[in-house]
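Residue numbers (numbering that gives the first Met the number 0), protein chains in the order written: chain D, 0 to 302; chain Y, 0 to 308; chain L, 0 to 338.
Just so you know, these hints were derived from the structure itself, not from any lab.
Check each hint, because a few of them may be wrong.
So the derived label-pair ranges between C-beta atoms look like this [what the hints assert, rightly or not]:
1) S132(L) / L4(Y): 32 to 42 Å
2) L4(Y) / I46(D): 27 to 37 Å
3) W130(D) / L4(Y): 21 to 31 Å
Taking lysine to any residue and the SDA-like style, the derived pairs with C-alpha atoms no more than 25 Å apart in a straight line are [stated by the list, open to error]:
4) K154(L) / K64(L)
5) K132(Y) / L41(D)
6) K205(Y) / K2(L)
7) K154(L) / K132(Y)
8) K123(Y) / Q197(L)
9) K2(L) / Q197(L)
By construction, the Cβ of each residue, glycine as well, lies at the ideal position given by its N, Cα and C atoms.
Residues per chain are reported as follows:
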Amino acid sequence: MNNPPPKDAPSETLIVPAQPHSLRRIWLKLRSYPLLSVFVLLVLLVIPALTADWLAPHDPTFGVIMDRRLPPVFFGGTWEYPLGTDRLGRDILSRIMYGARVSLSISLVGIFVGGFLGVSLGMLAGYFRGWTDIIIMRLVEISLALPAILLALVLAAANGPSFQTIIIVVAFVLWALYARQVRGEVLSIRERDYVARARVAGASHFRIMVRHILPNVANTIIVLATLQVGSVIILEAALSFLGLGIPRPTPAWGMMVADGRQLIVSAWWISFFPGLAITLTVFSLNLLGDWLRDRLDPKLEQV
Amino acid sequence: MQRYLLYRVVQSLVTLLAISVIIFGLSRLSGNPVDALLPDNAAPQEAAVVMHEWGLDRPLHVQYFAFIRNAVQGNLGNSLKWSGETALGMVWQRLPATLQLGGFAIIISTLIAIPIGVLAAVHKGGLFDSFGKMVALLGQAVPPFWLGIVLIWVFAVYWNVFPTSGRGGFEHMVMPAIAMGWYQVAALMRLTRSSTLEVLDNEYIKLARLKGVPEWRVIWVHALRNAAIAPLTYFGVIIGYIFTGSVVIETVFAWPGTGLLAIEAIRARDYPVVQAVVLTFAVVFIIANLIVDILYAFVDPRIRYNDNE
Amino acid sequence: MPKAIGETILLVENLQTELHTNMGVLRAVDGVSLSLRQGETLGIVGESGCGKSMTALSILGVVPKPAAHVVGGRVMFNGQDLRTLSEQQMRRIRGGSISMVLQDPQTSLNPVYTIGSQVTEAIALHRDVPRRSLMARAIEALRQVRVAAPEQRVKDYPHQMSGGMKQRVSGAIAISCDPQVLIADEPTTALDVTIQSQYLRLLREIQEKTGLSIIFITHDFGIIASMCDTVAVMYAGRVVESGPVRAVFDEPRHPYTRALLNSVPTMDRNVKRLYSIPGQPPALWDRPAGCWYRQRCPFAVPRCETLYPPAITAKGTGGSDHVANCWKLEDSTWITPKS
Numbered sequence: 000m001n002n003p004p005p006k007d008a009p010s011e012t013l014i015v016p017a018q019p020h021s022l023r024r025i026w027l028k029l030r031s032y033p034l035l036s037v038f039v040l041l042v043l044l045v046i047p048a049l050t051a052d053w054l055a056p057h058d059p060t061f062g063v064i065m066d067r068r069l070p071p072v073f074f075g076g077t078w079e080y081p082l083g084t085d086r087l088g089r090d091i092l093s094r095i096m097y098g099a100r101v102s103l104s105i106s107l108v109g110i111f112v113g114g115f116l117g118v119s120l121g122m123l124a125g126y127f128r129g130w131t132d133i134i135i136m137r138l139v140e141i142s143l144a145l146p147a148i149l150l151a152l153v154l155a156a157a158n159g160p161s162f163q164t165i166i167i168v169v170a171f172v173l174w175a176l177y178a179r180q181v182r183g184e185v186l187s188i189r190e191r192d193y194v195a196r197a198r199v200a201g202a203s204h205f206r207i208m209v210r211h212i213l214p215n216v217a218n219t220i221i222v223l224a225t226l227q228v229g230s231v232i233i234l235e236a237a238l239s240f241l242g243l244g245i246p247r248p249t250p251a252w253g254m255m256v257a258d259g260r261q262l263i264v265s266a267w268w269i270s271f272f273p274g275l276a277i278t279l280t281v282f283s284l285n286l287l288g289d290w291l292r293d294r295l296d297p298k299l300e301q302v
Numbered sequence: 000m001q002r003y004l005l006y007r008v009v010q011s012l013v014t015l016l017a018i019s020v021i022i023f024g025l026s027r028l029s030g031n032p033v034d035a036l037l038p039d040n041a042a043p044q045e046a047a048v049v050m051h052e053w054g055l056d057r058p059l060h061v062q063y064f065a066f067i068r069n070a071v072q073g074n075l076g077n078s079l080k081w082s083g084e085t086a087l088g089m090v091w092q093r094l095p096a097t098l099q100l101g102g103f104a105i106i107i108s109t110l111i112a113i114p115i116g117v118l119a120a121v122h123k124g125g126l127f128d129s130f131g132k133m134v135a136l137l138g139q140a141v142p143p144f145w146l147g148i149v150l151i152w153v154f155a156v157y158w159n160v161f162p163t164s165g166r167g168g169f170e171h172m173v174m175p176a177i178a179m180g181w182y183q184v185a186a187l188m189r190l191t192r193s194s195t196l197e198v199l200d201n202e203y204i205k206l207a208r209l210k211g212v213p214e215w216r217v218i219w220v221h222a223l224r225n226a227a228i229a230p231l232t233y234f235g236v237i238i239g240y241i242f243t244g245s246v247v248i249e250t251v252f253a254w255p256g257t258g259l260l261a262i263e264a265i266r267a268r269d270y271p272v273v274q275a276v277v278l279t280f281a282v283v284f285i286i287a288n289l290i291v292d293i294l295y296a297f298v299d300p301r302i303r304y305n306d307n308e
Numbered sequence: 000m001p002k003a004i005g006e007t008i009l010l011v012e013n014l015q016t017e018l019h020t021n022m023g024v025l026r027a028v029d030g031v032s033l034s035l036r037q038g039e040t041l042g043i044v045g046e047s048g049c050g051k052s053m054t055a056l057s058i059l060g061v062v063p064k065p066a067a068h069v070v071g072g073r074v075m076f077n078g079q080d081l082r083t084l085s086e087q088q089m090r091r092i093r094g095g096s097i098s099m100v101l102q103d104p105q106t107s108l109n110p111v112y113t114i115g116s117q118v119t120e121a122i123a124l125h126r127d128v129p130r131r132s133l134m135a136r137a138i139e140a141l142r143q144v145r146v147a148a149p150e151q152r153v154k155d156y157p158h159q160m161s162g163g164m165k166q167r168v169s170g171a172i173a174i175s176c177d178p179q180v181l182i183a184d185e186p187t188t189a190l191d192v193t194i195q196s197q198y199l200r201l202l203r204e205i206q207e208k209t210g211l212s213i214i215f216i217t218h219d220f221g222i223i224a225s226m227c228d229t230v231a232v233m234y235a236g237r238v239v240e241s242g243p244v245r246a247v248f249d250e251p252r253h254p255y256t257r258a259l260l261n262s263v264p265t266m267d268r269n270v271k272r273l274y275s276i277p278g279q280p281p282a283l284w285d286r287p288a289g290c291w292y293r294q295r296c297p298f299a300v301p302r303c304e305t306l307y308p309p310a311i312t313a314k315g316t317g318g319s320d321h322v323a324n325c326w327k328l329e330d331s332t333w334i335t336p337k338s
């Protein structure tokens with residue numbers, strides 16, 4: 000089972016009771032098998048995003064007016080439109096699948112850009128310290144002080160919503176978290192022996208940062224990224240709900256929820272399923288992120 | 000402690016200044032706001048005239064200083080959509096509504112999250128704990144706007160318990176507050192739980208029991224005061240989220256606050272109002288964080304008295 | 000000056016405490032028996048992890064739940080078996096009749112409450128004192144433990160005091176309700192040597208004045224020799240030798256006791272290497288058959304491998320007897336040789 004503690008462990012070493020009750024056991028199982036979460040993720044996010052062009056039963060942007068506001072299959076509808084149609088007769092299922100593409104692309108690009116920016120600046124701050132550190136940390140604080148939606152508001156009001164706008168907003172929100180985390184780790188790593196040895200051997204700063212320090216913060220970065228995809232998806236959904244996201248007619252989950260809002264009484268499925276997709280996706284992502292964090296880097300903050 | 004406070008105030012001012020630069024910069028990013036004002040086929044001379052009126056033909060930094068000067072005096076321009084109203088005036092009109100809803104949401108979130116967090120820690124591994132964890136995970140996965148819509152559907156339409164929208168008293172506030180605070184309950188609960196677990200491991204808790212202190216008092220008097228310190232620092236973040244959340248939630252529930260105002264302004268391309276809202280939010284946010292820091296010093300005597308020793 | 004020692008007030012019989020761990024269910028306290036008379040100081044000595052602190056916590060029923068449980072034995076105090084009392088009754092005993100002082104002064108006090116409130120809390124719990132006199136009583140308790148300017152100190156927070164002062168405050172809390180027994184769990188281990196002796200002197204004074212009985216847990220033999228009347232040597236959750244301090248220290252019968260005494264460096268011996276006992280105490284989940292010390296014992300005989308030795312009386316040459324769990328004692332003339 001576990002490795003036995005050293006032989007002179009004091010008798011005060013304490014651990015949990017031996018028999019957790021059944022709900023907790025299920026929960027522990029769920030926690031330790033990310034397969035379930037990964038599976039849900041694949042179904043909801045990745046496969047549709049990649050294969051929507053082939054797998055989606057209908058065109059997401061072109062609706063058959065005759066078939067508008069049809070209910071989902073077990074609520075009086077047919078298998079042709081398994082999750083029902085919206086007010087323009089567009090198939091909800093297909094739109095959700097295409098919407099996955101939006102969510103996935105925005106989160107990946109946004110995290111990549113924000114992550115790249117954040118990791119680089121964090122490393123510079125932690126490595127060079129001094130004024131670089133002070134300035135960058137000020138920027139981190141300021142950027143954390145400015146909530147995402149406000150920034151999106153400003154950008155949207157000034158420029159009009161677009162793909163670039165959202166990416167900028169996402170990157171702006173994320174970079175600071177990476178920078179702060181990476182800087183902290185770099186501060187401790189740079190004192191280690193192998194860094195000193197590399198410096199003595201004449202390695203350039205850049206080389207040291209990339210070859211010696213970066214691999215050691217990789218774990219943290221990966222966990223952080225996974226934990227953040229969920230928040231990015233929710234952020235993007237909120238923005239498209241408000242009309243500040245990807246412009247029409249590209250389907251986005253948040254926008255779909257907004258569309259169905261007026262019809263909530265007569266056609267609840269239009270808002271319900273896209274929101275459900277968001278919830279399940281983010282839930283699985285969070286589980287996956289938690290699992291990764293427990294395996295790779297338990298030091299990270301819970302929230 | 001005075002030194003600490005002074006430092007924080009200065010820091011806040013710097014942050015505020017930086018935000019103003021960002022907002023100002025973004026507004027000029029897209030070229031001319033004037034383009035929104037004029038019809039598309041306006042002649043270049045007309046455009047030039049309007050630009051001059053608005054001072055948009057002066058160099059950028061001059062514009063910025065004018066902007067700051069005006070802002071400090073409370074002049075953030077006039078609303079384009081609501082003629083006769085100043086941008087700041089519109090914000091002031093709507094702010095109380097947002098504060099009302101936001102304050103309510105924060106209070107009930109805290110009242111729910113902290114006891115649950117403490118109890119989850121005390122009965123670690125028990126049913127309560129697992130239940131709490133589930134709630135927390137769901138809370139962080141459910142998008143607030145969707146939650147709001149589902150709540151309306153279930154409680155207002157189907158069961159007719161609450162009104163569907165609009166501002167009002169308690170029954171109008173319940174659903175929006177739940178939708179707004181849901182995420183915060185989850186986060187706060189997790190934080191409280193881990194903080195309480197740490198505190199319960201401490202020797203002074205053992206000593207309290209050895210003194211014969213009844214268990215309820217050990218938890219709610221001895222442990223809570225210490226465990227609450229960590230979640231308290233999270234409050235600044237909560238306030239920020241509540242305000243940004245207000246944009247979405249007020250839209251869903253047609254609650255006439257500053258969040259809804261921002262959306263309406265964007266739809267009408269009323270840039271001065273948007274700017275005013277964002278600046279107000281930023282100021283409120285910064286002040287709230289400052290207050291949290293002060294409270295933090297009160298709760299933890301070690302911070303309060305450190306300068307004197 | 001001989002102490003006035005009275006009747007037995009605390010009698011621990013065969014106390015057993017179990018610990019639930021990943022390795023299974025372990026016995027941290029495995030049949031410990033102690034006796035304490037009124038006005039007496041009993042020392043419990045042993046290596047880290049031998050169960051001394053757990054024994055103390057078991058007496059008071061404050062073992063860390065849910066992992067630990069007291070599962071057997073009796074704790075007779077003033078004619079009652081504490082194990083049969085309800086939680087509410089035990090709470091009256093804790094801090095009121097039997098108090099405890101913990102090892103680390105830096106962490107024993109709640110950092111967010113004033114010293115005064117923490118002392119008055121103890122008094123309010125156990126004594127029927129009108130509210131306005133509570134603070135006066137607290138100040139008096141602080142004065143008893145020689146805290147200077149107690150009227151000012153009650154408003155202070157723990158972090159504003161030194162370690163030695165904090166330990167006195169813990170002491171004040173413990174004696175504020177005039178308990179009959181004070182259990183001190185290594186109270187001086189975390190203090191400077193000079194503060195240590197002050198603290199010990201303080202305890203002795205209080206004992207003389209009030210007839211307090213003390214259980215003193217430590218790993219320091221010097222303290223046992225100067226403070227205690229009787230001593231119990233613990234090893235791996237059991238008591239292996241006990242009796243009057245002089246008898247045990249002058250004529251130790253258990254090889255473990257002798258080994259411990261040998262490993263204390265003294266000023267009058269010229270040693271090239273500090274003696275330390277080879278090997279480790281057996282892990283809680285891995286105890287050997289027979290005597291648990293035999294794997295490290297230079298005097299082990301085949302009998303030691305089969306049966307755990309019971310408590311055998313050892314006649315002392317000075318006239319006082321004591322008790323040890325060692326098969327060699329069946330030969331009543333055997334005294335553990337010096338190393």
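Cross-check of the supplied hints:
For S132(L) and L4(Y), the Cβ-Cβ distance of about 39 Å falls inside the hinted range of 32 to 42 Å, so the restraint holds. Judged by the Cβ atoms, the range 27 to 37 Å given for L4(Y) and I46(D) is violated: they are separated by roughly 54 Å. Range check, W130(D) to L4(Y): Cβ separation about 25 Å, and the 21 to 31 Å hint holds. Simply put, K154(L) and K64(L) have alpha-carbon atoms about 33 Å apart, too far for the 25 Å limit, and the pair is violated.
Distance hint between K132(Y) and L41(D) is fulfilled; the C-alpha atoms sit about 24 Å from each other, no more than 25 Å. For a cut-off of 25 Å, the pair hint linking K205(Y) to K2(L) is broken: about 32 Å separates their Cα positions. A C-alpha spacing of about 40 Å is found between K154(L) and K132(Y), which places the hinted pair above 25 Å, so the restraint is violated. A distance of roughly 42 Å separates the Cα atoms of K123(Y) and Q197(L); the hinted pair therefore is violated under the 25 Å criterion.
Taken as a hint, the K2(L) and Q197(L) pair is honoured in the structure, with Cα atoms around 20 Å apart against an allowance of 25 Å.
In the structure shown, a violation is registered for the earlier hints numbered 2, 4, 6, 7 and 8, in ascending order.
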